[in-house]
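Fit chain B to the given chain A structure using the hints.
Protein chains in written order, with the numbering used here: chain A, 48 to 512; chain B, 98 to 382.
Hints may contain errors.
In the DSS-like style, the derived pairs of lysine-lysine whose C-alpha atoms are separated by at most 30 Å in a straight line are [said to hold, decoys possible]:
| id | chain 1 | residue 1 | chain 2 | residue 2 |
| --- | --- | --- | --- | --- |
| 1 | A | K389 | B | K330 |
| 2 | A | K324 | B | K104 |
| 3 | B | K104 | B | K123 |
| 4 | B | K292 | A | K189 |
| 5 | A | K189 | A | K155 |
| 6 | B | K330 | A | K325 |
| 7 | A | K313 | B | K162 |
Derived from the structure by calculation, the hints contain no laboratory data.
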Amino acid sequence: MANMSLTKVPVPEQDPQVRNHNFEEVCLGYTAEQAMEEAGRCLHCKNQPCVGGCPVNIHIPEFIAKVAEGDFKAAYEIISDTNALPSVSGRVCPQESQCEARCVRGIKGEPVAIGRLERFVADWYRENVNEMPRRPESNGVKVAVVGSGPASLTCASDLARAGYQVSIFEAFHTAGGVLVYGIPEFRLPKAIVQNEVDKLTAMGVELETDIVVGKTYTIDEMFADGYQAVFVGSGAGLPMFMGIEGETLAGVYSANEYLTRINLMKAYREEYDTPIKKIRRAAIVGGGNVAMDAARCAKRMGAEHVYVVYRRSEEEMPARREEIHHAKEEGIEFLFLNNPVKILGDDQGRVRAMECVRMELGEPDDSGRRRPIEVKGSEFELEVDAVIMSLGTSPNPLIRSTTPGLEANRKGCLVADEERLATTREGVYAGGDAVTGAATVILAMGAGKKAAAAMDQYLQEKRGK
Amino acid sequence: MVTIIRKKVLNASVTLLEVEAPRIAKKAEPGQFIILRVDEQGERIPLTIADFDRERGTVTIIFQKVGLTTQLLGDLEEGDSIRDFVGPLGLPTELPEGARRVCVVGGGVGCAIAYPQAKGLHAKGLAVDVIAGFRSKDIVILEEEFKAVCDNLYITTDDGSYAEKGFVTDKLKSLIDAGNSYDAVIAIGPIPMMKFVCKTTEPYGIKTIVSLNPIMIDGTGMCGGCRVSVGGKMKFACVDGPDFDGHQVDFDELMSRNAVYRGEEAQQKQRHACRMEQLGKTLIH
Chain A
48 MANMSLTKVP VPEQDPQVRN HNFEEVCLGY TAEQAMEEAG RCLHCKNQPC VGGCPVNIHI
108 PEFIAKVAEG DFKAAYEIIS DTNALPSVSG RVCPQESQCE ARCVRGIKGE PVAIGRLERF
168 VADWYRENVN EMPRRPESNG VKVAVVGSGP ASLTCASDLA RAGYQVSIFE AFHTAGGVLV
228 YGIPEFRLPK AIVQNEVDKL TAMGVELETD IVVGKTYTID EMFADGYQAV FVGSGAGLPM
288 FMGIEGETLA GVYSANEYLT RINLMKAYRE EYDTPIKKIR RAAIVGGGNV AMDAARCAKR
348 MGAEHVYVVY RRSEEEMPAR REEIHHAKEE GIEFLFLNNP VKILGDDQGR VRAMECVRME
408 LGEPDDSGRR RPIEVKGSEF ELEVDAVIMS LGTSPNPLIR STTPGLEANR KGCLVADEER
468 LATTREGVYA GGDAVTGAAT VILAMGAGKK AAAAMDQYLQ EKRGK
Chain B
98 MVTIIRKKVL NASVTLLEVE APRIAKKAEP GQFIILRVDE QGERIPLTIA DFDRERGTVT
158 IIFQKVGLTT QLLGDLEEGD SIRDFVGPLG LPTELPEGAR RVCVVGGGVG CAIAYPQAKG
218 LHAKGLAVDV IAGFRSKDIV ILEEEFKAVC DNLYITTDDG SYAEKGFVTD KLKSLIDAGN
278 SYDAVIAIGP IPMMKFVCKT TEPYGIKTIV SLNPIMIDGT GMCGGCRVSV GGKMKFACVD
338 GPDFDGHQVD FDELMSRNAV YRGEEAQQKQ RHACRMEQLG KTLIH
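Isolated chain A, as found in the complex (with noise of 0.2 Å):
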């Protein structure tokens, strides 16, 4: 008989006055106990309507059966066999809008925590068995794979699965992507990226950290390398400004600069050698994921206030409601309906202060949100000392200026069919933020996963000529 709850079992974790001075893992995950009696709300439906609403397709009440057996390791290898990245996406996927969006149990009360499930698996394998991938036998076919964010670490995992000979060029000197600089260490620690990495390269997959695809080497160069085919996963990584006055001030930055400190270069911690400016009043301009990551960052490096401005209301905001719910447990004050209009600095050339405006929503527009309007002459003065931009991130050109033959639509985003993911010069392949524009971690994977087969069947097609 199912565990009838209307709830899910809740997870632990650290008290929000704590967590807001370190940078530990907010979520302490399930234990054994808590992950079986979790298990047994699943109530395995025929039609398995979750698998649908997974991007990477877990066999997810396949691997939540086993759970609940207690049979941690077969649950393991349910999940690795179609994704690549477990402990990440049960962290940071949206489960909300995807698997556990489809749960039958959530039409009457919470979904199966899916996510937590998966998370839990994930640990627990790492911390009990770690047994390293083996290296499959190699079909001495080379493929490249320009980028090692989500996309690209689970298209070399299939690619390198299916037998091929795998290279990853990273321009950065740590793989992983928006997993290592982006996501701070509280929602997914490090050690946890390199795990999944160290699985990769277990399995043959060659990495070569600081090459910039465009600069150091480049795609042509690539094929005439060997290389039979190219997928391209290098992301959205471009910031975007609001080209408002002041924004060059000193104590402005980008959510990625900011964040790539603190994430990547471990600014956080005494003896890295990168600095961070200490802040004492921090206004955080956007409303999506990373403006979250950023503002709770800004809270733990010791900032007294910490704004959020967003133009829009808490509805419209595109942060997932758990993060907005932990930044508020951790103390972040949120001023919605707010928009900046300049930054002014004093004498030095230092952020004083932002002037926004308050807003108000009138009828939707294209996006079907109620498009944010301003209220006339009710301009004020927020006294901060830095300003972090979050507004978004769009995909770098120097991929697609350095490749002859790769097209780009009007916002720069790679064009590839939707099927295969095939861009419009053949044998390259790309997928993740790169074509859709910044979006989530587990759609990357997704796509990573479909262009690996696209590949495949495009080199067995090759070759059987």
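Then chain B, alone, in the frame of chain A:
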């Protein structure tokens, strides 16, 4: 990881390192730079490619020991390695079309960056004058190297302890007034020096290219830490530059942005000194 194959101490604070980096050597052009990280705890810093040898597969960097990272870098010896070395980054220098005669102006350690410019232009057959300015005689660098790649080399020292006394701007103005007509001036050095070179050339309408040195982190255009205002527009120096039209650059803004971490940097250096002292004590006892 790259290996240092040659180290040359140019003066008390300036060091040259030649490293094995064949991929970068193959692609590098004058005006471009690299980003390096000395070790696992290190920060990423940008340094201009001072020279490259495509056949030997080497890249040369020249740097002044001004803070923790350059100190650590200066402590490395031949055979040691640098953890990360990425490039070539930025756009190569672009001269006005049809330019035939240029004046390259270097200030202090900026001469290390001016050198590949002069060398590259000289190799292309342009007439090249070089003005290299230093505070005093003891920090003069690359004199022989410059001589080999230009038509006229003018060295100035602020205190007159070597060659001509005065600033590079004095020399530049006197050369222009004496009838030397330059199609372009390339200025590389401390921000105030570049600013004043631009002020000097502006009345004459001589195109002046400056190589900017803002704070950088990734060097690939993903953070905007290096943004500068050029002609009232926001530019990222790591991908749109580092060279810009000097008459369009907001130098005062660049100066205040570069001063942001001064306090943190002093602390860093202090920490390094303490670490070194500690190490010294353990070695003695």
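Each hint tested on the structure:
1. A:K389 / B:K330: Holds, at about 16 Å.
2. A:K324 / B:K104: violated (34 Å)
3. B:K104 / B:K123: Holds: K104 of chain B and K123 of chain B sit about 21 Å apart, inside 30 Å.
4. B:K292 / A:K189: Answer violated: K292 of chain B to K189 of chain A is near 51 Å, above 30 Å.
5. A:K189 / A:K155: Violated - the C-alpha atoms of K155 of chain A and K189 of chain A are around 51 Å apart, more than 30 Å.
6. B:K330 / A:K325: Judged against 30 Å, a Cα distance of about 28 Å means the pair holds.
7. A:K313 / B:K162: This hinted pair holds, its Cα atoms lying about 23 Å apart.
This entry does not satisfy hints 2, 4 and 5, going by the numbered hints stated previously.
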